[in-house]
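Student: Chain residues, written in single-letter form:
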Amino acid sequence: MSKALIIDDEQQMRRLLRMVLESRGYEVCEAADGQVGLQEAAFHRPDVVLLDLGLPGMNGIEVLKRLREWSDVPVLILSVRDQETIKVEALENGADDYVTKPFGTAELLARLTVIQRRRFTRQSAEIVVDALKLDLLHHEASLNEAPLKLTPTEFALLKVLAEHAGRIVTQNQIIRQVWAGQASDPSEGLRVHINHLRKKLGDTGPRIVNEPGIGYRLEE
Amino acid sequence: MPNTVSPKPSAPPVPLAEVGQYSWGLTLVFVLASTCWVLLPYTGDMFAALVFLMAIVLAGTRWNRGPVLMMAVVSALVWNYFFIPPQFTLHIDKPQDMVMFSLFFIVALSMGHLITRLRAREAALAQHHQEREHLLAEKHRAELLAESERLHRTLLDSVAHELKTPIAIIRTALDGLGQENPYAREIDTANRRLQRIVENFLEMTRVESEALEPQPDWCEIGDVLHAATKPIQNELAAHALRITGTADMPLLKIDSRLLAQVLGNLLHNATRYAPAGTEIEIHAALADGALELRVRDHGPGLRLGAEDQLFEKFYRAPDSPAGGTGLGLAIARGLMRAMKGDIEAHTHPEGGAEFVLHLPVKTRTAA
Chain A
1 MSKALIIDDE
11 QQMRRLLRMV
21 LESRGYEVCE
31 AADGQVGLQE
41 AAFHRPDVVL
51 LDLGLPGMNG
61 IEVLKRLREW
71 SDVPVLILSV
81 RDQETIKVEA
91 LENGADDYVT
101 KPFGTAELLA
111 RLTVIQRRRF
121 TRQSAEIVVD
131 ALKLDLLHHE
141 ASLNEAPLKL
151 TPTEFALLKV
161 LAEHAGRIVT
171 QNQIIRQVWA
181 GQASDPSEGL
191 RVHINHLRKK
201 LGDTGPRIVN
211 EPGIGYRLEE
Chain B
1 MPNTVSPKPS
11 APPVPLAEVG
21 QYSWGLTLVF
31 VLASTCWVLL
41 PYTGDMFAAL
51 VFLMAIVLAG
61 TRWNRGPVLM
71 MAVVSALVWN
81 YFFIPPQFTL
91 HIDKPQDMVM
101 FSLFFIVALS
111 MGHLITRLRA
121 REAALAQHHQ
131 EREHLLAEKH
141 RAELLAESER
151 LHRTLLDSVA
161 HELKTPIAII
171 RTALDGLGQE
181 NPYAREIDTA
191 NRRLQRIVEN
201 FLEMTRVESE
211 ALEPQPDWCE
221 IGDVLHAATK
231 PIQNELAAHA
241 LRITGTADMP
251 LLKIDSRLLA
261 QVLGNLLHNA
271 TRYAPAGTEI
281 EIHAALADGA
291 LELRVRDHGP
301 GLRLGAEDQL
311 FEKFYRAPDS
321 PAGGTGLGLA
331 IARGLMRAMK
341 GDIEAHTHPE
351 GGAEFVLHLP
361 VKTRTAA
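Taken in sequence, the protein lines are chains A and B.
Going by our numbering, the first residue of the first sequence is number 1, and it counts up by one from there.
Going by our numbering, the first residue of the second sequence is number 1, and it counts up by one from there.
Treat the hints with caution; some may be incorrect.
Said to hold, decoys possible - Simulated crosslink set (BS3-like; lysine-lysine; CA at most 27 Å straight-line): (1) A:Lys-200 to A:Lys-133; (2) B:Lys-362 to A:Lys-199; (3) B:Lys-230 to A:Lys-199.
Claimed, not checked - Residues from chain B that face chain A, not an exhaustive set, calculated with beta carbons under 7 Å: (4) Lys-164; (5) Ile-167; (6) Arg-171; (7) Asp-223; (8) Ala-260; (9) Arg-364.
Unchecked claim - Derived Cβ-Cβ restraints for the label pairs, each shown as a range: (10) B:Gln-179 to A:Met-1: 37 to 43 Å; (11) A:His-139 to B:Pro-166: 49 to 55 Å; (12) B:Ala-237 to A:His-138: 43 to 49 Å; (13) B:Glu-344 to A:Asn-59: 26 to 32 Å; (14) B:Leu-155 to A:Glu-145: 55 to 61 Å; (15) A:Lys-3 to B:Val-159: 55 to 61 Å; (16) B:Ala-276 to A:Glu-69: 50 to 56 Å.
By construction, these hints were calculated from the structure, which means they are not laboratory data.
If you're wondering where the values come from, they're calculated on a predicted model, not measured in any experiment.
In this text, a Cβ means the ideal position worked out from N, Cα and C, and glycines have one as well.
Let's have the full structure, built from the sequences with the hints guiding it.
Tutor: See below:
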């Protein structure tokens, strides 16, 4: 049974989330502010954290930074703020994904499942996302069992997206991993290669979805 | 001869106040000389010299350099002529009187000079001080403005939080109830409408506060359209969306989030005015370094003469369906202008409303 920690200052929200999560078999603990949240995280060792960004006192970003000093527990950001910069800041400080309030329960549960799964990947040299297979050992890709011809940059790009399949990856995270400061205008190069990848993946492969101002998500 | 008046080049005129100072200086020397003349038998000629020096020092504290120097020269000559023996000549007999005269002349001149210089420095200091005060006041005002901007934003954030939280709670609770209950479905519809209204109000405030700074980055038009249509896919489901002109479009450097929001508002509008089942068309084109997007529906079109009013805040067409805030198009225009573009509307010659977005863009062909 998975343990979930809810850090949110709205009591009603915590109560509802508890009901939703418990009905899906989660064991739930909760905290109304960041300080208590960090203590609860240390004490209960949850499998996943739902963190509200707009906390009183220590704000959500600060909580996240402190948590990341000693824990790599998957963190899902809950926020009513729809400003992209805040989301990007959270993601680049170690959050795994976000949902914007108001959110649908189905969306919330799907995100939780995806970010928890991340712990169990990386046990083999192969990444599988639906019909897409990446062989990290031989740097080969295949789609529906047919080989997929990719340039080294395209392969590196697709690898980053596939490792985070179903999760958002910020533009900066992608650029850092694929280009590592080589390109003069990496944002432009990124779009060009995403464009190529989309054409190669066609309609049968997983879709690369853009979230404006944030980054990309490989949708299964 | 052309009727032109060219100002005569001239030396800076002597200010009126200074003319007054010259005549007061002469009068003062005359009055003091007469007094000392009367007192000469009792005091001797050195007394007159000291009185003149005092007058020059006093004059130096109030008057300009010119009149003070004039006083120094005139009083030296007067002293020589009337007081130093032999009287009534500029000739001096005794060597010590010669020395005294020279000393008087030098002291008087340097006094006048030094004192006026001191005053000039004081004036400069005062001006410097004033300028500093002015700068400080300016800085203070800028800080106040920044602070009020920050407060405004904080307030907006907290209002956003307060308004959206209950909506989020209702949404989550309704998901828990399930959509089978028809009453729950009604609440859900109303709640989504409320959410839209709240978001529009917040966005309008943001647009008007000019806190909005577009952040252009390379993007694909397809991504913009995806972001525009996704939040309103339920509303769009009743219409067929036809998109043309986007297939071979190069990369565009724009704030894709803002443009998506503009398009979303236009599309949402179209779904409300055009009858279900009709087509909504989006046509994209690039010309002269600008992106042109046309959004056309097959509804009743626009009321003649209202094409501009549409974009005013809270404008609602007389025959528009209930449930709008009259903000969607005002926001769209605000966002377009923030991006240095614009938007206009007209009724298409073959019927239906057509909105045209015009946005200057940098492009790059994605080879």
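Student: None of the hints should be skipped; say for each whether it holds.
Tutor: Against the structure, the hints:
1. A:Lys-200 to A:Lys-133: Satisfied, since the Cα-Cα distance of roughly 14 Å is no more than 27 Å.
2. B:Lys-362 to A:Lys-199: 23 Å, holds
3. B:Lys-230 to A:Lys-199: Answer holds: B:Lys-230 to A:Lys-199 is near 21 Å, not above 27 Å.
4. Lys-164: 4 Å, holds
5. Ile-167: With a closest approach of 5 Å, the B:Ile-167 hint holds.
6. Arg-171: 4 Å, holds
7. Asp-223: Holds. Min distance 4 Å.
8. Ala-260: Given a least distance of 6 Å, the restraint on B:Ala-260 holds.
9. Arg-364: With a minimum Cβ separation of about 6 Å from chain A (threshold 7 Å), the hint on B:Arg-364 holds.
10. B:Gln-179 to A:Met-1: 37 to 43 Å: 28 Å, violated
11. A:His-139 to B:Pro-166: 49 to 55 Å: At 52 Å between Cβs, range holds.
12. B:Ala-237 to A:His-138: 43 to 49 Å: Since the Cβ atoms of B:Ala-237 and A:His-138 sit about 44 Å apart, the hinted range of 43 to 49 Å holds.
13. B:Glu-344 to A:Asn-59: 26 to 32 Å: 43 Å, violated
14. B:Leu-155 to A:Glu-145: 55 to 61 Å: At 58 Å between Cβs, range holds.
15. A:Lys-3 to B:Val-159: 55 to 61 Å: The hinted range 55 to 61 Å is violated for A:Lys-3 and B:Val-159, with Cβ atoms some 35 Å apart.
16. B:Ala-276 to A:Glu-69: 50 to 56 Å: 55 Å, holds
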